[in-house]
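Enquirer: Sequence:
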Amino acid sequence: MRSAYWAIALFLLIGSAAFADLHDRALLSHQNLSGQDLSMASLNLSNLTWSDFSDSNLSQSYLISAWLSGSNIARADLVAAWLSGAVLCNACLVDANLSNARMAGARLCRADLSAANLSGAQLNRADLSFSNLRLASLVGADLSASNLSGADLRGADLSGSSLTWADLRNANMVGCRMEAANLTGANLEGCDLSRSVLNQAVIPEAMMAGANLRKATVKKAFMARTNMSGADLSEADLGGSILTDVDLNGAVLHEAILDKVDFTKADIQEADLTEADITDARLFRCDLSGSTLTDVRLPRANMLDAYLNWADMRGCDLSRGQLSRAEIMGSDLTGADLSYADFTKAYILRSKLVNANLNGANLEDTDISYSDLSDATLRWSKMIMTKMNGANLSGVDLSDSTLYFIGSTGTNMRGAVLRNCKIESVSLRDCDMRGSYLRYATLNLVALQNVNLSGADLRGADLRLSALIDVDLGGVNLMGITYDEMSLLSIASSRLDGALMSDSLRRDISALFDGATVAG
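Numbers in our numbering are just positions in the sequence shown, counted from 1, shifted up by 343.
Possibly wrong hints are sitting among the right ones.
To be verified - Below, a list of computed lysine to any residue pairs in the SDA-like style, where the Cα atoms sit at most 20 Å apart:
| # | residue 1 | residue 2 |
| --- | --- | --- |
| 1 | Lys558 | Asp580 |
| 2 | Lys563 | Glu548 |
| 3 | Lys725 | Asp708 |
| 4 | Lys725 | Asp743 |
| 5 | Lys563 | Ser537 |
| 6 | Lys608 | Gly593 |
| 7 | Lys563 | Thr637 |
| 8 | Lys730 | Arg757 |
| 9 | Lys730 | Arg782 |
| 10 | Lys603 | Trp653 |
| 11 | Lys688 | Gly703 |
Unchecked claim - Restraint ranges, calculated between C-beta atoms of paired labels, are given here:
| # | residue 1 | residue 2 | range |
| --- | --- | --- | --- |
| 12 | Trp723 | Arg568 | 38 to 48 Å |
| 13 | Leu788 | Arg568 | 45 to 55 Å |
| 14 | Leu808 | Ser845 | 45 to 55 Å |
| 15 | Glu828 | Gln792 | 15 to 25 Å |
| 16 | Phe856 | Gly753 | 31 to 41 Å |
| 17 | Arg568 | Gln403 | 18 to 28 Å |
| 18 | Lys563 | Asp380 | 41 to 51 Å |
| 19 | Gln792 | Asp851 | 20 to 30 Å |
| 20 | Ala523 | Phe748 | 20 to 30 Å |
Since the hints were made in silico from the structure, they are not lab data. Don't be surprised by glycine CBs; every beta carbon is placed ideally from N, CA and C.
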């Protein structure tokens with residue numbers, strides 16, 4: 344009985360002695376203070392390394408510049424505690440409540456903060472490198488200029504937090520929530536943000552080169568002047584975000600949702616945008632040179648002054664897009680939907696538009712020289728002052744289109760369909776129009792020089808005020824054409840072997856040459 348009494352007395356004595364040592368600059372390393380009520384305690388500059396504070400109440404305590412390396416602070420209550428400049432490297436803070444704690448400049452490298460509550464905490468300039476913050480709550484926390492490089496933030500919630508100029512290089516942020524977070528100037532190079540949520544986040548001038556944003560949700564975010572070169576954004580949703588002046592050189596945006604994104608002056612060279620949805624996007628002066636845009640959805644996109652040189656755009660949808668003054672040289676647009684797109688003053692040189700849909704497109708003052716548009720459809724299109732020297736328009740369907748003020752040399756229009764076309768003030772030289780279909784077309788003030796029209800169908804065409812110089816009309820169907828003296832003289836001076844014509848036309852030609860017979 345007496346021994347038990349002395350044991351209890353000794354315990355109380357040691358306990359009171361320990362509590363008596365709870366003061367600034369205290370030396371309490373390797374102490375067991377688990378489950379104790381230490382709220383509002385003042386332990387500034389104290390040595391508390393490797394001590395056990397698990398389940399303790401340290402709310403509103405003062406631990407400024409204290410040493411807590413290796414300590415066990417799991418499940419402890421540190422609400423509104425002062426830990427500025429404290430050293431907690433390798434400490435265990437699992438499930439600890441650090442909400443509204445003041446931890447500016449604290450050192451928490453390799454600390455375990457998994458599932459900890461750090462909402463509203465002040466962690467500016469803190470060192471959290473290689474720390475475990477998995478499933479931690481950092482809602483509204485201040486992490487500006489903090490070091491989180493190599494940290495594990497999987498599933499953490501950083502919504503509304505400030506991470507301005509923070510270092511997050513190579514951090515694991517898979518499934519992390521960062522809605523409305525401020526990441527201005529942050530360094531996220533090599534960071535894994537796959538499946539993360541960054542809706543309405545502010546991320547200007549950040550470094551995200553090589554970051555993994557696969558299947559991330561980044562809606563209505565502000566990311567101006569951010570470097571995302573080489574980043575993986577495949578299947579990510581960036582709908583409505585602002586990416587002006589962003590660097591996406593070499594980035595992967597395969598199947599990404601980019602509707603209504605503002606890419607003004609963005610650098611997206613050599614990027615992979617295969618099957619991406621860029622509906623209603625703004626790509627003013629955007630550089631997509633060398634990029635892959637196969638099967639991309641770009642309807643109604645604003646691409647004024649954009650650069651699309653050497654791009655792979657096979658099967659893409661650019662319908663009703665605005666591409667005025669765009670530069671598209673050496674690109675492949677095979678099978679692309681360009682219907683009702685505006686290409687005013689665009690440069691489409693040496694590009695491939697085989698079987699493309701250009702119905703209703705505006706090609707006013709557009710340069711399509713040396714491009715291949717074979718078998719493309721350009722019905723109801725507008726071609727005013729269009730330059731098409733050396734272009735391949737064989738098999739093109741230009742029905743019901745308008746061709747005004749065009750001067751072209753060496754164009755291949757073999758088998759082209761120009762049914763019901765309005766062709767006015769056009770000069771074609773050294774062109775191949777064999778087998779072309781010009782039925783009911785109107786050729787007003789048209790000059791054809793050294794043009795091969797053999798086998799063409801001109802039934803019902805209006806050739807008044809047109810001049811045909813050294814034109815081959817062999818086998819041409821001229822039934823029902825309308826002509827005047829100038830066009831009659833041109834026809835009579837052309838090669839007409841096997842041509843089909845009405846008796847009245849034959850008589851007029853014969854009368855013109857005083858009874859000379861016409862071949863065919």
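Enquirer: So which hints don't hold here, by number, going up?
Expert: 7, 9, 10, 14, 17 and 20
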